[in-house]
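Each chain, letter by letter, is given below.
Protein chains: 2
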Amino acid sequence: MKVSPWNLKQGFDSLQALTYPSSVKSNKNATTKPSTATISAPAYAQAGVNLDSDEAFVEDIKKIAQTTSKRREVLSSIGGFAGMFKAPERYKEPIMVACTDGVGTKLKLAAELGVFDSIGIDCVAMVVNDLVVQGAEPLIFLDYLAMGEMDQEIAKATLSGLAEGCRQSDCALLGGETATMPGVYPKGEIEIVGFSVGVVERSQIIDGSEVHDGDAIIGIGSSGVHSNGYSLVRKIVDDAVARGELDIHAERDELGTTPGLALLAPTRIYVKAILNLIRDFTLHGIVHITGGGFVGNIPRILPDSVMARVDPTSWKRPPIFPLLQRLGGISEDEMLRVFNCGIGMALIVPPAQVEEIIDRLRGLDEVAFKIGEVHRKQSPDDPSLELVTPS
Amino acid sequence: MKVSPWNLKQGFDSLQALTYPSSVKSNKNATTKPSTATISAPAYAQAGVNLDSDEAFVEDIKKIAQTTSKRREVLSSIGGFAGMFKAPERYKEPIMVACTDGVGTKLKLAAELGVFDSIGIDCVAMVVNDLVVQGAEPLIFLDYLAMGEMDQEIAKATLSGLAEGCRQSDCALLGGETATMPGVYPKGEIEIVGFSVGVVERSQIIDGSEVHDGDAIIGIGSSGVHSNGYSLVRKIVDDAVARGELDIHAERDELGTTPGLALLAPTRIYVKAILNLIRDFTLHGIVHITGGGFVGNIPRILPDSVMARVDPTSWKRPPIFPLLQRLGGISEDEMLRVFNCGIGMALIVPPAQVEEIIDRLRGLDEVAFKIGEVHRKQSPDDPSLELVTPS
Chain A
1 MKVSPWNLKQ GFDSLQALTY PSSVKSNKNA TTKPSTATIS APAYAQAGVN
51 LDSDEAFVED IKKIAQTTSK RREVLSSIGG FAGMFKAPER YKEPIMVACT
101 DGVGTKLKLA AELGVFDSIG IDCVAMVVND LVVQGAEPLI FLDYLAMGEM
151 DQEIAKATLS GLAEGCRQSD CALLGGETAT MPGVYPKGEI EIVGFSVGVV
201 ERSQIIDGSE VHDGDAIIGI GSSGVHSNGY SLVRKIVDDA VARGELDIHA
251 ERDELGTTPG LALLAPTRIY VKAILNLIRD FTLHGIVHIT GGGFVGNIPR
301 ILPDSVMARV DPTSWKRPPI FPLLQRLGGI SEDEMLRVFN CGIGMALIVP
351 PAQVEEIIDR LRGLDEVAFK IGEVHRKQSP DDPSLELVTP S
Chain B
1 MKVSPWNLKQ GFDSLQALTY PSSVKSNKNA TTKPSTATIS APAYAQAGVN
51 LDSDEAFVED IKKIAQTTSK RREVLSSIGG FAGMFKAPER YKEPIMVACT
101 DGVGTKLKLA AELGVFDSIG IDCVAMVVND LVVQGAEPLI FLDYLAMGEM
151 DQEIAKATLS GLAEGCRQSD CALLGGETAT MPGVYPKGEI EIVGFSVGVV
201 ERSQIIDGSE VHDGDAIIGI GSSGVHSNGY SLVRKIVDDA VARGELDIHA
251 ERDELGTTPG LALLAPTRIY VKAILNLIRD FTLHGIVHIT GGGFVGNIPR
301 ILPDSVMARV DPTSWKRPPI FPLLQRLGGI SEDEMLRVFN CGIGMALIVP
351 PAQVEEIIDR LRGLDEVAFK IGEVHRKQSP DDPSLELVTP S
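Sequences listed follow chains A and B, in order.
Residue numbers for the first sequence follow our numbering, so the first one is 1 and each next one is one higher.
Residue numbers for the second sequence follow our numbering, so the first one is 1 and each next one is one higher.
Only chain A is shown next, with the shape it has when bound in the complex (with noise of 0.2 Å):
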C-alpha cells in the first residue's frame, strides 16, 4: 500500500500490522441463527439475544485478550465477574489514574468503509493518552462494545484493534462487556468505549504545576484526524460528495491514499515515547490534542500566572487537514478549535532540553517540533493560549 510520508511510521503501518482479519465487511443478508432446537432461551433470542452464542464468544475474546501484556501485576482472566490486578511493586506510593473515552462519529465512518480494527486502536489510544499526560503508566484496560445484533466478525476486527492498542502501550485487556443491543444500534454498526487504570510514583506525577515563564512548547506529530472532531469530518465530506467533489474512495496524491482510508488512520499512542522522555528529562506540563484541539486542551494545564504562545505555522499540516479545510471552507481558528492539526502531543519543557528531547523522539520514530514558548501574563486577563504566527 502506497502510503504518504507523514503516516509512514504511523498509524497505517499498525494498521495493516494486525494480523487477524484486518477488514471485514460486515454483511448485511447473512444469517447464522441457529435453531431453536439448541437454544436454552427461545423466546430471547426471538427478540435478538442468543444467550448461548454470547457466552460462547468469551473464549474467543478471552484468546484475543491473551495475545496483551502478560503483566505480573495481573491477578483474574477474563471471564470473572471483575478483573483483579495490583500496582507494580517498585512504586513507593503508588497513585492510580483512570479514565475513560469513546472514539465518537468515527464509529460512523468505520461502519461505512467496513473496518472495524483501526477504531479499536483509537478507543486504546484516546483513553491511555489521557492517561499518559499525567506521568501514568497503563496496567489494565477494559472494553465495551455494544452492537444491535451480536456480529462476531465485527466484535472480532474491534477487539483484534483494541489487543493491538493494549500492546503499543503495554497494558492487559482485563476484561469488558459484550452487549447485544436490539433496537438500540443498526445492523452493521458498533458502539465502542474504553476504559485504562494507570499508575503513577505521587512523586512524579505530572500536572502542569512546574510550568513557568521561559519554557519551551514541543509538538509531537499526530497520525491524522485521531478520534475527534468527526462529526465536523463527516459533514464536510457528505457535503462535498454530494457535490461530486469528493469521493471516499478514490486514491488522492496528496494523501498518498483515499480519503476514506485517510481519515480511518488510527489514532497515534504515545505512551512509549512519553514514558520514556520522563525516565531522562524534566516535562513540566504534557497536553493531549483531544476534543476542542490546541485552544480546549492547551490551558488545561497551566497555572494562572502564564500563557501558552503557539505558531501555528511551526510544523507542517499532514494533508488530510488542508482538504478537509478547503473542502468546508473552515476558518482557521476553527481549525485549531476542532482539530489537532498534526499535532497530537504537546510538552512543556525548560528551553535547555529542546534539542535533545526532540533528537529523542525521533530516535522513538516520533515526528517533533518546537512549536511554541511559555510567558508570564501581563495581566490576569490575558487569554491563557495565544497562536500567533511571528511576522
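Calculated from the structure, these hints are not laboratory results.
Once the Cα atoms are required to be at most 25 Å apart in a straight line, the calculated SDA-like pairs of lysine to any residue come out as:
| id | chain 1 | residue 1 | chain 2 | residue 2 |
| --- | --- | --- | --- | --- |
| 1 | B | 235 | A | 42 |
| 2 | B | 316 | B | 252 |
| 3 | A | 235 | A | 252 |
| 4 | B | 108 | A | 54 |
| 5 | A | 377 | B | 52 |
| 6 | A | 108 | B | 42 |
| 7 | A | 370 | A | 276 |
| 8 | A | 92 | A | 69 |
| 9 | A | 108 | B | 149 |
| 10 | B | 62 | A | 305 |
With chain A's structure known, arrange chain B on it following the hints.
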C-alpha cells in the same frame, strides 16, 4: 406514590429520594441553540456539536459529582485528563478490582417513559454489584454518556442517578465522558456505560474456591427485573400492548404501580449489605445474578467438584415476573435462564450461619431466603446447577 410491598424499601424509594429533577420528559421541540456569533466553532456546531456549551456543562457535572463520596483516597477532581486515587491506607496488600457494564435496552424503556435518573442508578448497580461479589469495596466510578444531540436535561437526570448510585455504594464519581454523536443516537435517547475500580485485601478475595459440599445458598431479594433481559421484556410488552392486553401507563393492582414504572425500578445495590456481612461472617462465594440468570451465573464461581441445587419455589417472586411470564408465554426454564426472578444476589455460606446471616440482612433492610445447598458431584459430568422443586 403507591408501591408494592416488594418495593417498599427498595428501588422506588431511592428513585423518589432524588432531589434533582426526577422525571425529565424530553422536549422534542425545544431548541436552545445560541446565535452563531457566540460560537467558537460554528461549522462544528452546525454539524451538531457545540464545544462551548459542552465545555460549560463540565461545571454542572462537577457539582453533581461533588454530592458523591468525599473519599480521602481521591486526589483529583473532574476536568483533568484523568482522575487520580489510591488504595486506602489500612490495606496491607491491596488488590484493585475493575469492571464495566451498561444497562442494555432498559435504555429504550427509560427514553419511552422520559425518566432517566433510574438508569443512572442501574448503571452503577450493574458495575458495583460485580465488584462486591469478589469481596471488593468500590472506590471510584467513571461514566460514559452518549447522545445524538446534547440534551443537558437528560444528561443531568442521568448523572443525578449515577450520583445517587455512587452514594448508595459509597464510591466517588471520579470523572467520565459525555459524547455528542449526531446520527448515532436518536433525539431523546442516551447510552450509558459505567466503570468502577474497587479494592480488596489480597487475603480476603472471595472467588468461590472455598465453596464445599454442605454449604447453604442464601438469596437476597431483587428490586425487580434489574437491568438484564430487557430485549425480551420489551418484546413481551410490545406484543401484549399490540394485542390490547397491557397498558404500560395504567396502574395495576398486582404491581401497586404501572407496568412502565415497575419495569423501570432501579437495580438494587448490594454493596453496603455485603460489605457488612463480610466483616462478621464467612462467605464462601457470592454470585451476582446478572445477564444469564441463575443458570448463567451460579456455575461461574463453583469449584469443579461441587454442584448447586436451588429450589426455584423457595422464595416469592415479585409480581412483575409472573406478569411477564404469563403475557409472553415464557417457559419456567427460560425465566430462570434470562431473569433474576426475584433474587439479585446468591451467597454461599456455611450452613451453621444461615439464620444469623438472614437476620442480619433483614436488619439491613434486605429481603433474604435460604434457596438451596451445595452438593458434591457424583460424576464429573453432573451439571453445575440443578433447579429442583422438592416433591
